[in-house]
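Student: With these hints in hand, go ahead and build the complete structure from the sequences.
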Amino acid sequence: MNKSQKYYNKALDYYQNGYIEKALEYCEKSISSNIKNKAAIDLKGILCYLKGELNEAKALWKLNSRENNDSVAEKYLEGIKNDEERFKLYVKAVKLIENVEIKKALELLKRCAESDYNSINVNNYLCICYMKTGDFDKSINSLEKVLAIDVKNQIALENKKNLIKYGVIKDKKSPKKVMFLIGIIVAIIICIYGVKTIKFTNDKVKISSNKKINTVVKEKNKISKKTKNKINKIPEEKKDFPYDDFKNVLSNKDFEKLYDYLNQWKSENLDTNSKVLLSEGEESLKSKGVIYFYKKATDFYNNKDYSKATDEYLKAYEYGEGSYLMPHIIYFTGSSFQNLNDYENALKYYGIYDSAYRSGDYEETVLYEMAMINKNLDINKAEAYANRLSNEYPKSIYNNSNIKSIIDGNK
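For the sequence shown, the positions run 1 to 411 when the working numbering is used.
To be clear, the hints were calculated from the coordinates, so they are not data collected in a lab. All clues given are correct.
The calculated lysine-lysine pairs, modelled on DSS-like cross-linking and capped at a C-alpha distance of 25 Å, are:
{"no.": "1", "residue 1": "K308", "residue 2": "K295"}
{"no.": "2", "residue 1": "K381", "residue 2": "K348"}
{"no.": "3", "residue 1": "K296", "residue 2": "K247"}
{"no.": "4", "residue 1": "K10", "residue 2": "K29"}
{"no.": "5", "residue 1": "K286", "residue 2": "K161"}
{"no.": "6", "residue 1": "K103", "residue 2": "K161"}
{"no.": "7", "residue 1": "K104", "residue 2": "K88"}
{"no.": "8", "residue 1": "K257", "residue 2": "K295"}
{"no.": "9", "residue 1": "K404", "residue 2": "K381"}
{"no.": "10", "residue 1": "K3", "residue 2": "K36"}
{"no.": "11", "residue 1": "K152", "residue 2": "K110"}
Distance windows between CB atoms, simulated:
{"no.": "12", "residue 1": "Y343", "residue 2": "N248", "range": "36 to 44 Å"}
{"no.": "13", "residue 1": "L340", "residue 2": "E158", "range": "34 to 42 Å"}
{"no.": "14", "residue 1": "K304", "residue 2": "N273", "range": "39 to 47 Å"}
{"no.": "15", "residue 1": "R66", "residue 2": "K286", "range": "58 to 66 Å"}
{"no.": "16", "residue 1": "D305", "residue 2": "N400", "range": "26 to 34 Å"}
{"no.": "17", "residue 1": "D260", "residue 2": "R388", "range": "38 to 46 Å"}
{"no.": "18", "residue 1": "K165", "residue 2": "N99", "range": "18 to 26 Å"}
{"no.": "19", "residue 1": "V91", "residue 2": "N400", "range": "26 to 34 Å"}
{"no.": "20", "residue 1": "Y343", "residue 2": "T272", "range": "45 to 53 Å"}
In this text, a Cβ means the ideal position worked out from N, Cα and C, and glycines have one as well.
Tutor: Right under this line is the structure:
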């Protein structure tokens, strides 16, 4: 076996194992040893193509076609006719993501993903978008497509960390080590306080900070009674905090029981150890429980069980401040109430959304629904929302005859 072929075989092996940069390095060595090595040139073109380097890939395949009469390279060149347009869509999608227009960005990225061109970047952003919409299975699928090509990709690794943090995929760290670290942290706290058209992938294949509005009107003390699970009246004699059971519930990520425990004990006068454990439970609900309740609520919502959906959305809302899911939680809470004909609460949560996420994905819908609900309640408010919809979203599908009738009818 000649030197060029050995280098090519190594490059192919690196590629198949997800080490794209090493694969490129050995492709270059193979081509340097023998510029007539058609397979090495084609492979390097593929790697550039996957990275989004269209001009480089095109130049390599043109070279192979011209100098080596390579028919495979000619087929590759025939298959990239629409990729320049896909790149434009990709650039537009990134801008949409930066403006928190996730649904629009997703539609463009899905069109980009019809080809393997720019697969790494496209799937990285698909992963991020699906995380933001709570579609974690698709998010994981996009992540895996990137890591199959580039196991060291920094954006993908960051996305993986987030999915681990959200409890969607399991951390492979040793449980014993994790528990040991947790033990140290708790001990310190106690000491302080007192105690992804051309297919090449063989089936293997930080964004600018989102413009989040961190201030969300949080009305914990006015949350609907529906969020309060029935808790048996505590006898007059003082009950002991269920420390061991709470630890098991926390360890097993039993978010339903954890939610009940927090409601029962967060206002009690507890000893320091119990307070620390209760605080860990609250953090668990904020980091992972919110996702659990949101997904459960969305399943109920999709099955048109709006009463149960409302219960779960409100649990997510109670602990969701600062979560990327918060705009979705608020909107679907309002929508669930509306489907139950509870217009007072529907207007309440639509209003919260309008105040906090005025440039969000659901704003057109929120303005429309608030205008329509208020039509028979307060025509002046209805007109105000109708005018905003008409002025801010003139091309919106919601800017229809219903909105026009509200505006014209109140003149």
